[in-house]
Amino acid sequence: MPVRFLRNASELADVSWETPLPVQVANAKPVPADTLLVATTSVDTTANRDLLGSTSTELPTLDACGQYRKLVWFYFRTSDAATTYRVLARATDHNGAPLGAGWQEIVPATPLPGAANSWGRIEIPATTDGYYDQYRIEVQRTAGSNYNLISKIVGVR
Amino acid sequence: MRPKVCLVLSNFIGFNRVWLQVLRNLGIDYTLCIATSGATSANIQTPQGVFSPSSPDLRGYFRQFDAVILCDNVGDLALTSFINYSVFWMSWNAPEDPAFLFFNPYFSAAITESAYNNNFPSDFPIVRPNPSDLAGTLYAADGGSPSSFNPLVVSSVGGRGACVLFLAENIRAHVMTICNTHTDNIPYYWRLDTAKHSTLASATYTHRVARNGRAGEILAVPAPPTNAEDTETYPTDCVVAYRYRNIFWLPHAMARTPHSVSFWDSPVNSFLFWLLYGLQLAGVRPRYRLPVQMETDHPLDSFASTAPFNFSYLQQMQMILAQFDYMRDFARRKNTAVINGVRVGGRHRTTSITFHWNLMYSTSVPAEARAVAQQVNQLLIAGHREGTLPCGVHDHTAGNYQGGYWLGDVRAGFRRHSGMRYGAPNNVPINRGRCCVAPHVLPAGVAGADAQTVQVGDTELVEWDFTGRASGTSDTFDLPLGNIHAARMIIESEIEEMLALGFPDGYCAGHKYTNTAANASGGECYWQALKEFGFRGVRSASACNTPHQTKRVVANRLWYGFHLVTDIEFDLQAAEAGYTRGLYYPGSPPQGDAVRRWQLDHGNDISSGWTSNPALAWRAYRRVLCQGIGNWLFTTAVVLGGFYIHAYTNSMIMSPSDPLARFDGWSKQNVIGEPHYCHSVELLENMDAVVQLLPEYLYWGTITDVMDHRERVMGG
Numbered sequence: 001m002p003v004r005f006l007r008n009a010s011e012l013a014d015v016s017w018e019t020p021l022p023v024q025v026a027n028a029k030p031v032p033a034d035t036l037l038v039a040t041t042s043v044d045t046t047a048n049r050d051l052l053g054s055t056s057t058e059l060p061t062l063d064a065c066g067q068y069r070k071l072v073w074f075y076f077r078t079s080d081a082a083t084t085y086r087v088l089a090r091a092t093d094h095n096g097a098p099l100g101a102g103w104q105e106i107v108p109a110t111p112l113p114g115a116a117n118s119w120g121r122i123e124i125p126a127t128t129d130g131y132y133d134q135y136r137i138e139v140q141r142t143a144g145s146n147y148n149l150i151s152k153i154v155g156v157r
Numbered sequence: 001m002r003p004k005v006c007l008v009l010s011n012f013i014g015f016n017r018v019w020l021q022v023l024r025n026l027g028i029d030y031t032l033c034i035a036t037s038g039a040t041s042a043n044i045q046t047p048q049g050v051f052s053p054s055s056p057d058l059r060g061y062f063r064q065f066d067a068v069i070l071c072d073n074v075g076d077l078a079l080t081s082f083i084n085y086s087v088f089w090m091s092w093n094a095p096e097d098p099a100f101l102f103f104n105p106y107f108s109a110a111i112t113e114s115a116y117n118n119n120f121p122s123d124f125p126i127v128r129p130n131p132s133d134l135a136g137t138l139y140a141a142d143g144g145s146p147s148s149f150n151p152l153v154v155s156s157v158g159g160r161g162a163c164v165l166f167l168a169e170n171i172r173a174h175v176m177t178i179c180n181t182h183t184d185n186i187p188y189y190w191r192l193d194t195a196k197h198s199t200l201a202s203a204t205y206t207h208r209v210a211r212n213g214r215a216g217e218i219l220a221v222p223a224p225p226t227n228a229e230d231t232e233t234y235p236t237d238c239v240v241a242y243r244y245r246n247i248f249w250l251p252h253a254m255a256r257t258p259h260s261v262s263f264w265d266s267p268v269n270s271f272l273f274w275l276l277y278g279l280q281l282a283g284v285r286p287r288y289r290l291p292v293q294m295e296t297d298h299p300l301d302s303f304a305s306t307a308p309f310n311f312s313y314l315q316q317m318q319m320i321l322a323q324f325d326y327m328r329d330f331a332r333r334k335n336t337a338v339i340n341g342v343r344v345g346g347r348h349r350t351t352s353i354t355f356h357w358n359l360m361y362s363t364s365v366p367a368e369a370r371a372v373a374q375q376v377n378q379l380l381i382a383g384h385r386e387g388t389l390p391c392g393v394h395d396h397t398a399g400n401y402q403g404g405y406w407l408g409d410v411r412a413g414f415r416r417h418s419g420m421r422y423g424a425p426n427n428v429p430i431n432r433g434r435c436c437v438a439p440h441v442l443p444a445g446v447a448g449a450d451a452q453t454v455q456v457g458d459t460e461l462v463e464w465d466f467t468g469r470a471s472g473t474s475d476t477f478d479l480p481l482g483n484i485h486a487a488r489m490i491i492e493s494e495i496e497e498m499l500a501l502g503f504p505d506g507y508c509a510g511h512k513y514t515n516t517a518a519n520a521s522g523g524e525c526y527w528q529a530l531k532e533f534g535f536r537g538v539r540s541a542s543a544c545n546t547p548h549q550t551k552r553v554v555a556n557r558l559w560y561g562f563h564l565v566t567d568i569e570f571d572l573q574a575a576e577a578g579y580t581r582g583l584y585y586p587g588s589p590p591q592g593d594a595v596r597r598w599q600l601d602h603g604n605d606i607s608s609g610w611t612s613n614p615a616l617a618w619r620a621y622r623r624v625l626c627q628g629i630g631n632w633l634f635t636t637a638v639v640l641g642g643f644y645i646h647a648y649t650n651s652m653i654m655s656p657s658d659p660l661a662r663f664d665g666w667s668k669q670n671v672i673g674e675p676h677y678c679h680s681v682e683l684l685e686n687m688d689a690v691v692q693l694l695p696e697y698l699y700w701g702t703i704t705d706v707m708d709h710r711e712r713v714m715g716g
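Line order of the protein sequences matches chains A and B. Quick note on numbering: the numbering used here labels position 118 of the first sequence as 118, and the sequence is numbered without any gaps. Quick note on numbering: the numbering used here labels position 368 of the second sequence as 368, and the sequence is numbered without any gaps.
Just chain A, with the same shape it has in the complex (with noise of 0.2 Å):
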């Protein structure tokens, strides 16, 4: 059941990406990044906990990201305590369904940077563009103590 309007005066127009509500735009600006995520993780030794503090393997971290060129996340951690991350990702249909079971392993698990009270800041995708539909972001403690993480990711588009 599509949204229509009326368009040149007598022709109906389904709303659609080609034909969207003529609406006036006033100082409107373009904004390539929105932030999507801000979160504060108690990192400890459990494996396949993500940023959001869940263990369930299948549940995405971020959803509906496939408008998204790269994600930039910043972090800032409260230890040094020796972590690493691991990065999933993996498309979904228009229906928001994953294609399939599982994950693409984009970054496997690699060592968290910095010291205790310091910034950090990842690209995901390193290099190459991303526009994957969801997003998995896992930590692990592998030494030391809890500790809090807390984060920010933005969008890029």
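Because the hints were derived from the structure by calculation, they are not lab data. Any given hint could turn out to be false.
Have a look at the derived ranges for each label pair, beta carbon to beta carbon [claimed, not checked]:
#1 GLU169/B <-> ARG4/A: 32 to 42 Å
#2 SER118/A <-> ASN335/B: 51 to 61 Å
#3 ASN426/B <-> GLU11/A: 23 to 33 Å
#4 SER42/A <-> GLY49/B: 33 to 43 Å
#5 PRO590/B <-> GLU123/A: 45 to 55 Å
#6 SER118/A <-> SER37/B: 14 to 24 Å
#7 SER55/B <-> SER118/A: 27 to 37 Å
#8 THR31/B <-> SER118/A: 43 to 53 Å
#9 GLY561/B <-> ASP129/A: 20 to 30 Å
#10 SER118/A <-> LEU499/B: 55 to 65 Å
Being a predicted model, the structure only gives us computed values, none of them experimental. Glycine is no exception: its CB is placed at the ideal position from the N, C-alpha and C atoms.
Put chain B on the given structure of chain A with help from the hints.
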């Protein structure tokens, strides 16, 4: 004039971003200032320069604000320095100076700095806490028992508080209240120096925040008991909130935590009342007031067995009827709307007599109980039409009987409705076409004869070849759940049942909203389908198809204008316990009563002596309401979400002969001789007291007001 406040903090690591989220939601501008240490020698870093805390420059800088808020607090009264720099501001009392809001202030006698002690106002009327003499300088509160963890960082559980009497307003309200605490984890209230207070209370003082024109004013005290059973009383010199000239001495308002805050990363902060109250006292007029509203799930539902209460279906229906009759009347009087998620699915997909349809029509339900269930339904329809009890679909049969939308790859044996667009015997797609191509890149003549255009979000595709992906004419088949065709069929089936029940729609009338079953809103294809059927938003968990666990709501909880409203539940028991056994009940299963569920038995000070000490029922009552109201305020002021209960699961502990009676300890008992308690009545009436206390910050509104406000403050 734009409302504007100044927040002073020592660092961002312990700075709770809820401060800012609340202010943004209220439309109050703010500026952050950083103190370089906790000592009187600290510098205050402001956007206009770095100032000494005692300097005229800083005083002049502060005068641009309506209020200055001290954000830092600590649970260790033995520190010698914490917010010592703020002592100078206690003497900035001219009419041009702003109000200063001290929440859970640190003014311990352990502070050794002479600059602090020499500048501490000699006429300040609250006794400074002394860690070496806690009993002589503070009052142990809320039973005086220690929490098993720092009570200042309490989240959605483990609350401490009191029924507080607000003197000027003459209103009693249950609010989470801790004035100070120490390493013993005991909440304390303050001791008043009555001689000093008497002097201040008789001294004239002119400042816009001195509403009685006096230099000193007791704002709030622990409310005296209403029943002789309740022996938890406080001396007459015990206070929980005080105004000293333009300085407000208020209880704890915000946990110190590094948690960032967004619409999905925010641990519940249940102390917010005092922030809102302080801002109002300080005369900070927010641009926006916040709408307060409540929702229920399953207005008609039941249990086959309700041991130890052993209620019949008839009794359960009667208690439900009484509650919704009350809620309808409350909504009429307060101009709010209590949203209700009707548990549909009984008409087509299950014979379980716990479902709305079956309670009305199944012959497995005794006729007299069915008759009352039908009265409840009629009440809901009337409430829906007049706007007091709007009802929407809430389907626990769509996804493998477990809950809401998209709870598995396939719903085996799905039975659909008849007629309409997606009902039997219409042969319609039940999965996406084998081929899906965007129309602007689709070559002419390629698409099959069965091609149709599907749009989900901003993606438009031409789908074709539904071989093996259509319903046929049957009414029962295995339904793949992760596609828009299934979503449309399921939602149309739910609305068809609502129409058959007598409702004019399935989306809470003009609110165009519902609370999804299990807070599972599915994913994009369900949100799109819901939009197509006229919905503006639904309540949803972040992991929005649990337990299938393949989807998340979008980051800002607003998908192409469709709202995914945060869920905050406050039943008296956990879901796995089924129904509540009491505020506390010695024989309860795990999490089967409110004290267990919300971790309110501090040092066993409720469970130990429950049957021998009648005051403990009152203690449990206070803590449950303090926690519930605190969590509800968090829902209202921070995440702009949906606070909800299941009226039927909380019913068992009500007295069937007087179901709406207000709590009265052991003086009003239920069928097993335990204290009667009506959750819906108590929550609404206590929140109403809070709304009356905060007329410039809160109002009884609707979910439409909530969604309007989300759009207002969320921006693009």
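Consistency of the hints with the structure:
1. GLU169/B <-> ARG4/A: 32 to 42 Å: Given range 32 to 42 Å: violated, Cβ gap about 53 Å.
2. SER118/A <-> ASN335/B: 51 to 61 Å: holds, 52 Å
3. ASN426/B <-> GLU11/A: 23 to 33 Å: With a Cβ separation near 30 Å, ASN426/B and GLU11/A satisfy 23 to 33 Å, so the hint holds.
4. SER42/A <-> GLY49/B: 33 to 43 Å: holds, 38 Å
5. PRO590/B <-> GLU123/A: 45 to 55 Å: holds, 46 Å
6. SER118/A <-> SER37/B: 14 to 24 Å: At 22 Å between Cβs, range holds.
7. SER55/B <-> SER118/A: 27 to 37 Å: holds, 34 Å
8. THR31/B <-> SER118/A: 43 to 53 Å: violated, 27 Å
9. GLY561/B <-> ASP129/A: 20 to 30 Å: holds, 28 Å
10. SER118/A <-> LEU499/B: 55 to 65 Å: About 60 Å separates the Cβ atoms of SER118/A and LEU499/B, which means 55 to 65 Å holds.
In this structure, the hints that do not hold are numbers 1 and 8, in rising order.
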